[in-house]
Amino acid sequence: MEQSNACKVVLLGNSGAGKSSIAQRFVYNKFNVYNESTIGASFFSKKIVIKIKNAIESEEATERSVKFHVWDTAGQEKYHSLAPMYYRGAKAAILVYDICNKPSFDALGSWFDRLKEFGPNNLQHIIVGNKCDLNDERQVPRQEAEVYALNMNCLYLETSARDNINVEEIFQEIARKLPENAMEPSNNEADADLLRLDKSSRSIHDRICCYS
Amino acid sequence: MEETHSEEVTPVPGHVSIDNSRDSGGTMLSPVTLDLTSFPVRKLVFQDENSGDDGISSVSTQRQEALQEAIQFIDEKRSEIEECLSGRRYEPSEEKKESTHADTNEDIEVVDLWRLRQLALSRGGLLDVSIRKRAWIKLIDASESILLNQTNLESLNAEHESKRDVAKISDHELDLIKEDIGNCIWEIGEEIRLGTMVASEISGQSVETDNTSFTSFESTTCQPQSPTPQCRPEAIIEDKESCTSPSSYKVARRLKTARAERKKKEEERSLLLNIITSVLRTYPSEVKDLGMERLFYYPGMHNVAALLLISLHSPSLTSLTLKRLSTYHMKDSVSPSFDDIQAIMRCILYPVLEHFDKELYCQLNDSGVYDPCSFALRWILCWFASDINDYRIVARLFDAFLVSHYTFPIYIAAAMITSASNRSRIKDATDNEDAEHLAEILFSVPSAIVTTCQSRLEVESSIEEIIETATNYIHLFPPDEALELAKRSSNDVISSSVLVASKARYRPLWTYQSMAYSDMNIIKESRAIRNLTPRDCTSRQRKRREILNKLEHNQCNLSSENIAISNACASGLLKDYLKEETVQSTKTNVTQTSRRGFKTLILLMVFVLVGIAYNKQYVEKQVVVKEEMHLETIEYADEIPSQILEKLKIEQRLSMAFVSAKDYVVKVDPDLFFILS
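Going down the list, the protein sequences come from chains A and B. For the first sequence, full-length UniProt numbering assigns the number 1 to the initial residue and increments by one for each residue that follows. For the second sequence, full-length UniProt numbering assigns the number 1 to the initial residue and increments by one for each residue that follows.
Please note: incorrect hints may appear among the correct ones.
As the list claims (entries may be wrong) - What follows is a set of in silico ranges between Cβ atoms, one per label pair, in the way DEER data are often shown:
| no. | chain 1 | residue 1 | chain 2 | residue 2 | range |
| --- | --- | --- | --- | --- | --- |
| 1 | A | GLU144 | B | ASP339 | 32 to 40 Å |
| 2 | B | MET515 | A | GLU137 | 53 to 61 Å |
| 3 | B | ASN472 | A | ASN153 | 48 to 56 Å |
| 4 | B | GLU293 | A | LYS102 | 21 to 29 Å |
| 5 | A | CYS154 | B | ALA420 | 45 to 53 Å |
| 6 | A | ASN153 | B | SER490 | 52 to 60 Å |
| 7 | B | GLU293 | A | GLN143 | 54 to 62 Å |
| 8 | A | ARG176 | B | ASN432 | 26 to 34 Å |
| 9 | A | GLU77 | B | GLN513 | 34 to 42 Å |
| 10 | A | ARG176 | B | LEU255 | 34 to 42 Å |
| 11 | B | LEU255 | A | LYS30 | 42 to 50 Å |
These are computed hints drawn from the structure, not numbers from a lab. Keep in mind it's a predicted model, so treat the numbers as computed, not measured. Heads up, the beta-carbon is just placed ideally off N, CA and C, and yes, glycines get one too.
For reference, chain B alone in the conformation it holds in the complex (with noise of 0.2 Å):
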């Protein structure tokens, strides 16, 4: 009947008044709430408060006051998360304030992922999308590997292509993927634009006063003391137009922004399908450790890729992060059967339920679900992305997963499963003896924790109630102990999971690294070069020294894909490209003509990206192989990468960087070109 409702009230974006949200049962607006505003949220907070005053009841202040402790918890855990990721040591002291300023600190230079980790489990997660991508790359390691951007990501299946050894999708599976990307459930521009407007509103504090435009988001999205957020969805935002001014929209163009709206999904949904598509044909090599032949699509992936995408606004990282994903969290989703899933949640989902709430799980026994896979399956496959159509809270959930066990959606489900109101809807159908009804229920048991609150901050505190009391049951009962009493279990089916379930998992690096580079260390390193590069310049040097000035200037633009990528090059790339020996054979493959040119700069770039990005004791030697290399020495760029190849056979590495670095290039500054040709 909600749906109904929800159906016949279609708000028109940016009139969402306050009268309807009271209207509605004290439908409130948190502060950080996606709700459908083209308006700053501030704003409407600050009207909400306002009309809280000619309000009579004391339910009003007391909304207040929980607004104004969910704002003011939000600010602090932001400014706290911001300093973990530029790497500051948090103290809450005023001592906080001098670090700041010593620069020249050591503890700047990495960012402490334990503490990210517990930030991210912790209440309210990683706030919201700005913050939320500088993490999740950090979390899942990206700084260390090889990312591709956009246009990369479709060199890179064709390169797939091409190649023997690498995983073939079936057609009937790429037929598949098509047909559930057309149906996925998430507006990936939409959810970006409106994340992106409210980290915007967000983090600019001062623009609040000035209730101006909604223009005026796109300035405030690059806040100069956060170096990495800028937001670059490309393709997903460019159309800048569906941001402006909703309300006079006139009819020629409506039909133009729809047919930009049409092209926009077919967009998204290429993009969906690259993802998704580099992710499988990830090399059998290299899911061989992982006992796996090679991944398998799986219907609702899509959900988890879009969801990805939404928050981290690249294809390429969110390629990325799906396969890593899939090499531990996911693992079971992507294997060609689903035993082992059903398995761990046999011994895990009703063990748990038994432990906690034994009556709920004997009326549920009783009642004939035996087995929590015939409705649980979906939700932990997916990670509650195709359940709950909520972005905020699903992101909010992914926080807690990325950094989790694996099992750890499982206890989630099962926190859902005891959560009060479910609990109650549950009990009632059993006692009711309402088989059929009990089976809908348990269906919608995580899409019920949004629909059944009334408000925003309900949602979200309901959510965090989850997430806490899954973390109580983990703790409590974790699952090894789970697997232990499976072993002793009566129930023939569980005691024959148990083997399965029980089966060694290796867990990958990066889901226990405990550092990362800080965007801080980032700059830093940039502005070393900068000092690095001698006075005496001639005039070829100058010019060079005019690239990386501009470089560092963009440093602030730079996308974090973009870093990504420089790290990338740094860590994989220079570490054996730097090494004396491979210099001097390099060196007498590119000194032999005097000829510069457009792959010239692609090489240069890479270099210099390499530089920001690399670490300290890196720079020097970097800078020592830039003087020695001169300019004009290296010939033809796509003749050494060959080379290159062979030698230190890391191939897909350079090319990489080499494409990358390229399209870099033109992205940020076509002139360039011409300075150096």
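With the rest of the complex left out, here is chain A (with noise of 0.2 Å):
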């Protein structure tokens, strides 16, 4: 169907991170306090809408509509060997550590050297430090992240999955950057409708959360 929109999106990084809480988050908009690790590995799919500018006629932002395929993987030592498998034909790689975890920051670089070696071409890379939440319990600081992921050449973000800060976030970047060739501007408006009032039928669930 809308094949040329599709992305694949793999989720990496030490178990514990909170992969799943943020693939969740985004994609059915709930949290869980107790998340049974990921066994083997997960798959969501989500659609958003992104506006994007338009470079050359910056007056209206034309819309484009992305299919996320997430593949949220498992962070246990075990797994890592299977990782390949999964960022197999992926076109973006979204690397998650705990900022409460000094550890899970430092397998970042272990991280990215196996995405150079078996990874595809042209991955894009994000770095995301979850729990942002949890600032009292910081082991990571902030700036710190941010050189690190200057020096990468890549995207870096904080997260909370529980408290829903930037994780719809992490997903627009990415379909921002996606290679135009890959993009194809969403002309189905009425798909586009139907979306956002997906979307606003969701900012309802959500407050129904709130009061209850």
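Using the hints, put the two standalone chains together into the complex.
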């Protein structure tokens, strides 16, 4: 169907960093305090619409819909050798670490190495420091991570799957940075409407959750 | 969509009405269903039949016939397994009855494990919890090894911690385990309760006519003809309140039960944690032969452990079973990396599909699903226990896996993918080139087995079909052949996996042992002991006889665990212990003073238990030993083990035997203390 708009994204990082939480927040907009650790991998998909300002004609922003195929991998060390299976054909890799856990940040280096070795070419990387709601227990200073991301030439975001901070932004950034040729502007108005409707209904759902 | 539906209509236990089942498109309860019924199931079945009378369609009569057939089949199979377990030879003709009377017959001594394996694999598997519990113990050869009971599991863990050579679990791993356990998909207590209920209902055929109360099922759980199956789920279902009167809850009571619920949950969790850690702490020396450094936890193991616990009702047996499985069937799952299991899956799963369903295989390959591990790994890792949340189905699969080659789960995966409903769904997705949908479908292949079926009977027959298909696959295209073929494969990934996959694998004895002690044998031995006790009893001897009598009386209520313990004591301990020279040496140690007491009793109990369990030639010797050792000649029991430890190097076995015997005594009859002290 809309193959051209499909984008495979793989979530990588040490166990307990919150990969599944990010995926669930993004796709279902929900958060469980205790998540079963991922066995093997799990798969999610979701379509989002982004507005892209056209550089040439800056008056009007074009809308694009991107369908994300999110592969949430298991973080446990045992699974590391299996990761290549999941990032084959991926357009973006989200490297997640826990800002309250230094080792998970230190592990990013090895993830990058592995991606370089086995990953597809022109793979987009994004470093995500999760659990920024737990700022008091922070072990990795924001600056350090930012510098690191700069060195690796990739984007850095601090998120909180629990408080729903910046989660959607990760995917919007990815969608924005996707190379032009892989993208085709969404002409399908009805489809876009549907999605907007979808979005609004979701926010209503949010409110319900807050009150209950 | 189905999920939301089931959330809305939360069935109240005990209020599963027949109308309901007819409305939802012919949902039918099979005779062994676990469908949220607080009713005895048979009663439901009969009601269903009655209600079929006023129904007009031929569907209902068809259903009835299928139901009747199923009941008959299950009854027959049950008696066959029952006979197998008690060691009798199965003869479908009338000779059967004669052989039952012949107690003295030789063939009641042992269980033919090959026949049991066959029964576990054939249609219906091991049917239900009560049988499964007894059969699994025999299948994993628990009667020959040391078992601990619940309290010992903790003490073993403590003991483990104090020792240096024990495998260390990293803090990180421990946190992971704890977190996973908190999210276990199995409601252990609830499943056990349901399982016990159904089992009792089915085994107590006479009870079915008087549908008096739910509470009566407690008493029917231990039928006299079945010596071991009395369930002792100890901490788990002690709370009998939850089993009674589902309709008349008051608010206060509900609050109370909610609290009890939570407490029970906590208990379950700590049990699971103990089980898993005790397995992981297995001495490195024990797994060295397998080429492993130690056992590594993997997410999903907790679900396997939970399922075993539901079936076996005993933490220590669960721990042992899990340990056994980790040395053979699930070896690749507990190894430090998944390379091996990945290699094996690559060499088998797709080749099997290619061999039997080329079209589907090509379609999967064309749509970019090159590696079956990407979706099927989790099924194999936890034997589907994380993917199908239906006890009867997963336990049925476990029956088959326990007695099969370790690659059998992969064949089951192949059979699931090629099963009619899944196949058509996959084909639809590939035809539409809907990659994302395809991934979802592939992930849900096992759960779809349950969710796409409309009735219990259909689910169960579909799982039987899958097992049959998988058995065909493995016969027609055995793992060796798959590896051979993979060697010549043009696919680099597969051919490079062969090297890893074809590593020689040590197959433990218990997977192909042909005999096990039967329940009958155990009872018989206890009788033998009583007969061997001299007539002219002194007062002391009379007391001893009382104990023996009591023990034998309790034999019926003896939990399988304790029988296993005694068996274990017997084989491990006595074999070494009763050699003449050791008897001499211990005797000299023992016959120093003449004080009796608590510890004496422990030792006595060990011997008694040993005697009950062990086979004849040792029993005689053992009685001799007892005669010589007269009760009062033992002073400090704790001195004895330590000496034996050094001499016989059986420290673990002995100390465990002591503790379990002590616990057993306390549990069975506190009065015994006073008789003797």
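Results for each hint:
Between GLU144 of chain A and ASP339 of chain B the C-beta distance comes to about 34 Å, which sits within the given range of 32 to 40 Å. Separated by about 59 Å at the C-beta atoms, MET515 of chain B and GLU137 of chain A satisfy the suggested range of 53 to 61 Å. Our hint of 48 to 56 Å for ASN472 of chain B and ASN153 of chain A holds, since their Cβ atoms are close to 55 Å apart. The supplied range of 21 to 29 Å is met by GLU293 of chain B and LYS102 of chain A, whose beta-carbon atoms lie about 27 Å from each other.
Distance hint for CYS154 of chain A and ALA420 of chain B: a CB-CB separation of about 47 Å, consistent with the stated range 45 to 53 Å. Roughly 39 Å separates the CB atoms of ASN153 of chain A and SER490 of chain B, a value that falls outside the hinted 52 to 60 Å. Our hint of 54 to 62 Å for GLU293 of chain B and GLN143 of chain A is violated, since their Cβ atoms are close to 40 Å apart. Between ARG176 of chain A and ASN432 of chain B the Cβ separation comes to about 29 Å, which falls inside the hinted range of 26 to 34 Å.
Range check, GLU77 of chain A to GLN513 of chain B: Cβ separation about 36 Å, and the 34 to 42 Å hint holds. Our hint of 34 to 42 Å for ARG176 of chain A and LEU255 of chain B is violated, since their Cβ atoms are close to 53 Å apart. Checked against the hint of 42 to 50 Å, the pair LEU255 of chain B and LYS30 of chain A fails, with Cβ atoms roughly 28 Å apart.
The structure shown violates the earlier hints numbered 6, 7, 10, 11.
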